[in-house]
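**Student:** Residue numbers (my numbering), protein chains in the order written: chain U, 28 to 285; chain H, 62 to 376.
Hints listed in this document are in silico derivations from the structure and should not be mistaken for laboratory results. Hints should not be assumed to be uniformly reliable.
[As the list claims (entries may be wrong)] Covered, in the sense of this in silico footprint (three residues per stretch, anywhere, with C-beta under 8 Å from a C-beta of chain H), are these stretches of chain U: (1) 35-44; (2) 71-80; (3) 194-206.
[To be verified] One-sided excerpt, in silico: chain U residues whose CB lies under 10 Å from chain H: (4) Leu29; (5) Ile31; (6) Thr108; (7) Lys217; (8) Trp239.
Glycine included, C-beta positions come from ideal geometry on N, C-alpha and C.
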Amino acid sequence: MLAIYKREFLSYFRAPIGWVAVALFALISGFYFVTMLGTGAVNIASEFSFLRRFFMVLIPLITMRLFSEEKKNGTEVLLYTSPVPMYKIVIGKYLAAISLQVLMLSGVFLHMIVLIFLSGRVDASSWGACIGYLFLSALFIAIGMMCSALTENQIVAAVVSFVVILFSQMLGTVATSAQNLLVSLLKSTKLFGLSEEAIYNAGVGISNAINWIDPFSKTSDFSAGIFGIVPLFFCLSFAALFVFLTYRLLEKKRWSQG
Amino acid sequence: MIEITNLVKYYGEKKAVNGISFTVNQGEVLGFLGPNGAGKSTTMNIITGYLSATSGSVKINGHDILEEPELAKKSIGYLPELPPLYLDMTVLEYLNFICDTKGVSRKERIRQLAEIMRLVKIAHVSDRIIHNLSKGYRQRVGIAQAMIGNPEVLVLDEPTVGLDPKQIIEIRNLIKTLSKKHTVILSSHILPEVQAVCDRVVIINQGKIAAIDSPTALSHRLSGTSKLLLAFVGPFREAQSNLRAIPGVKNVTLTHEKDDACQVEIQVDPNMDVRKSVFFTMANHSWPILEFRSLDPSLEDIFLSVTNSKIDREG
Numbered sequence: 028m029l030a031i032y033k034r035e036f037l038s039y040f041r042a043p044i045g046w047v048a049v050a051l052f053a054l055i056s057g058f059y060f061v062t063m064l065g066t067g068a069v070n071i072a073s074e075f076s077f078l079r080r081f082f083m084v085l086i087p088l089i090t091m092r093l094f095s096e097e098k099k100n101g102t103e104v105l106l107y108t109s110p111v112p113m114y115k116i117v118i119g120k121y122l123a124a125i126s127l128q129v130l131m132l133s134g135v136f137l138h139m140i141v142l143i144f145l146s147g148r149v150d151a152s153s154w155g156a157c158i159g160y161l162f163l164s165a166l167f168i169a170i171g172m173m174c175s176a177l178t179e180n181q182i183v184a185a186v187v188s189f190v191v192i193l194f195s196q197m198l199g200t201v202a203t204s205a206q207n208l209l210v211s212l213l214k215s216t217k218l219f220g221l222s223e224e225a226i227y228n229a230g231v232g233i234s235n236a237i238n239w240i241d242p243f244s245k246t247s248d249f250s251a252g253i254f255g256i257v258p259l260f261f262c263l264s265f266a267a268l269f270v271f272l273t274y275r276l277l278e279k280k281r282w283s284q285g
Numbered sequence: 062m063i064e065i066t067n068l069v070k071y072y073g074e075k076k077a078v079n080g081i082s083f084t085v086n087q088g089e090v091l092g093f094l095g096p097n098g099a100g101k102s103t104t105m106n107i108i109t110g111y112l113s114a115t116s117g118s119v120k121i122n123g124h125d126i127l128e129e130p131e132l133a134k135k136s137i138g139y140l141p142e143l144p145p146l147y148l149d150m151t152v153l154e155y156l157n158f159i160c161d162t163k164g165v166s167r168k169e170r171i172r173q174l175a176e177i178m179r180l181v182k183i184a185h186v187s188d189r190i191i192h193n194l195s196k197g198y199r200q201r202v203g204i205a206q207a208m209i210g211n212p213e214v215l216v217l218d219e220p221t222v223g224l225d226p227k228q229i230i231e232i233r234n235l236i237k238t239l240s241k242k243h244t245v246i247l248s249s250h251i252l253p254e255v256q257a258v259c260d261r262v263v264i265i266n267q268g269k270i271a272a273i274d275s276p277t278a279l280s281h282r283l284s285g286t287s288k289l290l291l292a293f294v295g296p297f298r299e300a301q302s303n304l305r306a307i308p309g310v311k312n313v314t315l316t317h318e319k320d321d322a323c324q325v326e327i328q329v330d331p332n333m334d335v336r337k338s339v340f341f342t343m344a345n346h347s348w349p350i351l352e353f354r355s356l357d358p359s360l361e362d363i364f365l366s367v368t369n370s371k372i373d374r375e376g
């Protein structure tokens with residue numbers, strides 16, 4: 028597993044992609060940080076929430092090649108016929124992608140150091156936002172990796188994970204519109220003969236259900252410096268689910284008869 | 062050493078591999094011969110555990126490839142049709158990575174890498190990025206990769222395809238050297254190649270085994286179809302009747318005619334050497350010979366003969 032991890036992580040920097048990802052992240056965060064410095068109100072937590080908006084670009088950049096490239100170059104044969112079991116290959120690659128994300132975050136750590144010089148401290152909300160960001164990216168990297176296992180075309184893998192992440196960022200809006208839609212639908216059709224209150228409750232129910240799977244709102248408390256075990260557990264279990272799905276997808280391919 | 066029982070693999074409706082069974086003994090070089098799309102690569106992919114068979118079993122050294130994949134895979138080195146190389150690594154980095162995946166210890170590694178690189182002659186390119194290597198060198202790095210970890214079995218899928226003649230000879234010699242220490246399965250669609258290095262040949266066609274035999278026995282089977290090619294200047298009809306009169310000549314057919322020159326194929330009885338008589342017949346009629354040689358049996362001939370003889374036996 029270590030071998031897979033090491034090769035994968037180093038390969039980010041043999042190809043331009045690793046440098047591009049790190050540079051892009053540094054550029055975006057640096058831009059925001061400098062703007063904050065200009066206004067005099069430096070807030071690392073708001074820098075992280077700004078960075079979150081770029082998940083849909085940064086994550087596919089990290090994950091699109093993980094399995095697509097192996098498939099395209101024919102090196103997957105090498106991996107799958109090596110004595111390394113499949114689950115170790117998947118986990119090794121996943122950890123390599125996580126490591127790149129952590130490396131990218133080092134730019135923000137520099138900003139924190141600057142902040143210490145300026146104000147003498149880094150408050151809990153900064154650390155909270157950082158941890159929240161890391162767990163969110165752990166989840167999205169797992170999703171991106173699964174997309175990469177679906178196809179041998181890196182572009183397709185990138186686009187699919189872009190769309191999935193974009194959609195998950197819009198879940199809050201989706202929840203509200205789903206609520207409005209359901210309420211107006213039930214009111215106008217008088218289906219099931221429900222009372223006003225029941226209709227309202229049904230609307231809130233569906234909105235809550237959609238919000239429940241929204242990883243962004245789940246971790247928003249972190250930026251306020253409030254730590255909770257539930258959001259972390261939520262991100263980790265979904266990440267584990269997608270890592271597992273990646274593993275199953277690759278196993279399935281061996282058995283497929285298509 | 063390798064036990065393959067009743068292997069079947071479906072691709073959709075198509076049976077790519079249809080009930081293949083054979084065994085390979087220790088130290089043997091087994092050739093896998095068949096036209097493109099016969100199911101050679103699929104079978105090899107199943108043997109090495111890259112694909113899973115629809116039914117049937119593969120046992121390497123007594124370890125089932127599905128039930129004990131790690132143990133089975135440890136005893137196999139595989140060179141797929143397309144050498145699985147990370148083009149952005151140097152040769153040494155790449156081979157070190159393979160050592161990592163196969164669990165070769167640090168101490169053992171230095172000795173083993175040095176020996177392998179000497180054997181496949183890539184020591185002088187070890188610091189170069191694989192992307193910049195020629196096809197022949199890439200192929201060798203692929204073979205080196207398969208040899209790492211000293212596996213008992215080497216599975217080589219068309220190891221000489223796309224190489225120039227000199228490289229082909231080198232790779233063949235390499236395989237011969239390897240066969241002293243390893244059991245080798247190698248596939249090819251070139252008959253002389255298989256004849257040159259293999260102890261036993263499996264001929265596979267449309268997913269089925271058409272024949273398993275030693276190369277000599279196979280050419281013996283072919284003995285009913287020996288052919289000569291003759292090109293000369295002269296009238297075809299007259300020459301045909303004269304040639305047919307020679308004892309041992311079975312048939313004479315025209316394959317090509319240009320101006321006054323003819324090219325014919327002569328089917329002969331393999332137990333008789335008719336070449337002298339053919340020469341004197343042509344000389345007596347003052348028909349100058351432009352070309353005269355025996356035709357090597359092609360893969361097609363083998364298939365025809367193998368399938369025909371089957372029909373004979375069954376009929």
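**Student:** Of all the hints given earlier, name the ones this structure violates by number, lowest first.
**Tutor:** Per hint list: 2, 3, 7, 8 violated.
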